[in-house]
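Peer 1: Protein chains in written order, with numbering that gives the first Met the number 0: chain D, 0 to 158; chain S, 0 to 119.
Treat each hint with caution, since some may be false.
To be verified - What follows is a set of in silico ranges between Cβ atoms, one per label pair, in the way DEER data are often shown: (1) S:D59 to D:S34: 35 to 43 Å; (2) D:G50 to S:G57: 18 to 26 Å; (3) S:V88 to D:S113: 19 to 27 Å; (4) S:E73 to D:K2: 48 to 56 Å; (5) D:D33 to S:N33: 33 to 41 Å; (6) D:V124 to S:S94: 12 to 20 Å; (7) D:D33 to S:I117: 47 to 55 Å; (8) D:P114 to S:L101: 42 to 50 Å; (9) S:E118 to D:G120: 45 to 53 Å; (10) S:D23 to D:V123: 37 to 45 Å; (11) S:V88 to D:Y14: 19 to 27 Å.
Treat the hints as calculated values from the structure; they're not laboratory data.
This one's a predicted model, so the numbers in the text were calculated from it and none came from an experiment.
Backbone N, C-alpha and C define an ideal beta-carbon position, used for all residues, glycine too.
If you want the building blocks of each chain, they are given just below.
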Amino acid sequence: MLKAEIVNPFLKAAYSFLEEHLNMEVTRGQLRLDSSKCTSGEVNVAIGVTGDAEGVVLYSMSERTAKSIASVLIGEPVPVFDALAESAIAEMGNIITGRAASGLEEEGFRCRLSPPSIIAGRGVVISTLDIQRLVIPLELRLGYLEISVALRYDSTGPK
Amino acid sequence: MMPKVLVVDDAVFMRTKASKLLTDEGYSVVEASNGEEALERYAKERPDVVLMDITMPGMDGIAVLKKILADHPEARVIMCTALGQRSMVLEAIKSGAKDFVLKPFEPEQLLAAVKKQIES
Numbered sequence: 000m001l002k003a004e005i006v007n008p009f010l011k012a013a014y015s016f017l018e019e020h021l022n023m024e025v026t027r028g029q030l031r032l033d034s035s036k037c038t039s040g041e042v043n044v045a046i047g048v049t050g051d052a053e054g055v056v057l058y059s060m061s062e063r064t065a066k067s068i069a070s071v072l073i074g075e076p077v078p079v080f081d082a083l084a085e086s087a088i089a090e091m092g093n094i095i096t097g098r099a100a101s102g103l104e105e106e107g108f109r110c111r112l113s114p115p116s117i118i119a120g121r122g123v124v125i126s127t128l129d130i131q132r133l134v135i136p137l138e139l140r141l142g143y144l145e146i147s148v149a150l151r152y153d154s155t156g157p158k
Numbered sequence: 000m001m002p003k004v005l006v007v008d009d010a011v012f013m014r015t016k017a018s019k020l021l022t023d024e025g026y027s028v029v030e031a032s033n034g035e036e037a038l039e040r041y042a043k044e045r046p047d048v049v050l051m052d053i054t055m056p057g058m059d060g061i062a063v064l065k066k067i068l069a070d071h072p073e074a075r076v077i078m079c080t081a082l083g084q085r086s087m088v089l090e091a092i093k094s095g096a097k098d099f100v101l102k103p104f105e106p107e108q109l110l111a112a113v114k115k116q117i118e119s
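Let's have the full structure, built from the sequences with the hints guiding it.
Peer 2: Okay, here's the thing in C-alpha cells:
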C-alpha cells in the first residue's frame with residue numbers, strides 16, 4: 000500500500016508547479032494503483048529515485064500536450080517537438096519530482112534523483128516489474144498528463 | 000559596455016530561458032553546457048557574473064565554482080538550484096558563491112540577483 004505521506008508530496012508538487020508555471024487549473028481524476036504493464040503516452044519523462052524510497056516516477060502525455068506545455072514554459076510556439084521542447088518537458092519532470100522529494104524528506108524519506116530521461120514513441124510498453132504504480136491522472140487545459148509514482152520503501156516507516 | 004553574464008546549465012531549456020531574460024534586459028550573454036566548457040568560457044570571456052546550475056553531469060556546479068574561484072578570486076557566481084538541495088546550497092555559499100536563485104526562476108528574482116552582483 001502506498002501511504003499518504005508518499006502520495007501527498009507528489010500531488011502538492013504537481014499542483015504547485017502546474018498552477019504557478021503553467022498558470023492553469025488542474026483537475027485530478029481518480030487515483031489508482033496499478034501493477035500491470037502500462038502502455039505509455041507518446042512523450043514520457045522518467046526520473047529514477049534512490050534512497051529511503053526507491054523506484055521511478057513517470058510523467059506521460061501525448062505529443063500534442065507535450066508541445067503545448069513546452070510552448071508555455073518556453074514562451075514561444077513549439078511547432079515541432081525538438082531538443083529545446085524535450086529539455087523543457089524534462090525540466091518539468093525534474094522540478095515536480097524535486098519538489099516532491101523535498102516533501103518526502105520532511106516525512107523522513109531522504110531520496111536522491113537521477114537526471115531525467117525522455118522516452119518517446121507510440122505504444123511503448125513500460126513495466127515497473129514488482130513495484131506497484133500509483134497513477135495520478137491530471138486534466139489540464141492543455142491536455143491530459145499522467146503521473147505514475149512507482150516507489151518501494153521499508154513498510155516499517157522511514158529510517 | 001553591456002555587462003556580461005555566463006549562463007551554465009546542462010539543460011538547454013534552462014539556458015535558453017535565462018539567456019532570453021538577460022538579453023532582453025540588455026545584458027550580453029555567453030552560455031556553457033557543462034563544467035569544463037564553463038571554465039574555458041570564464042577564462043576567455045571574463046564575464047561580470049556567472050549564473051550556474053548546481054546539478055550537472057560530470058563536474059557539478061560546486062566543483063566548477065571552486066575551480067573558477069581558485070583561478071579568479073574576484074569571480075561573482077550565483078548558483079541556481081531546485082528545491083530540496085539545502086545542503087548543496089550551504090556548501091556553495093561556504094565555497095564562495097555570492098548568492099543563489101531557486102529554479103524554476105521567477106524572472107524578477109533572477110534579474111534582481113544578477114543586478115545586485117553587477118552593482119556590488
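Peer 1: Should the hint that G50 of chain D and G57 of chain S are 18 to 26 Å apart at their CB atoms be regarded as holding?
Peer 2: With a Cβ separation near 22 Å, G50 of chain D and G57 of chain S satisfy 18 to 26 Å, so the hint holds.
Peer 1: State, for the Cβ atoms of D33 of chain D and N33 of chain S, whether the hinted interval 33 to 41 Å holds or is violated.
Peer 2: Between D33 of chain D and N33 of chain S, where Cβ atoms are some 38 Å apart, the hint holds.
Peer 1: Cβ-Cβ distance between V124 of chain D and S94 of chain S: within 12 to 20 Å?
Peer 2: Given a distance of about 45 Å, which is not inside 12 to 20 Å, the answer is violated.
Peer 1: Does 19 to 27 Å hold as the CB distance between V88 of chain S and Y14 of chain D, or does it fail?
Peer 2: Hint holds: Cβ distance 24 Å, inside 19 to 27 Å.
Peer 1: Are P114 of chain D and L101 of chain S spaced within 42 to 50 Å by their CB atoms?
Peer 2: 19 Å, violated
Peer 1: Range first: 48 to 56 Å. Now tell me if the beta carbons of E73 of chain S and K2 of chain D are that far apart.
Peer 2: Taking Cβ atoms as reference, E73 of chain S and K2 of chain D lie about 51 Å apart, which means the hint holds.
Peer 1: Given a hint of 37 to 45 Å, does the C-beta separation of D23 of chain S and V123 of chain D actually sit inside it?
Peer 2: For V123 of chain D against D23 of chain S, whose Cβ atoms are near 39 Å apart, the range 37 to 45 Å holds.
Peer 1: Using the C-beta atoms of V88 of chain S and S113 of chain D, is the stated range 19 to 27 Å upheld?
Peer 2: 20 Å, holds
Peer 1: The hint says 45 to 53 Å between E118 of chain S and G120 of chain D; measuring C-beta to C-beta, is that right?
Peer 2: 50 Å, holds
Peer 1: Do the Cβ positions of D33 of chain D and I117 of chain S conform to the proposed distance bound of 47 to 55 Å?
Peer 2: 52 Å, holds
Peer 1: Has the hinted range 35 to 43 Å been met by the Cβ atoms of D59 of chain S and S34 of chain D?
Peer 2: 36 Å, holds
Violated hints for the displayed structure, listed by number in ascending order: 6, 8.
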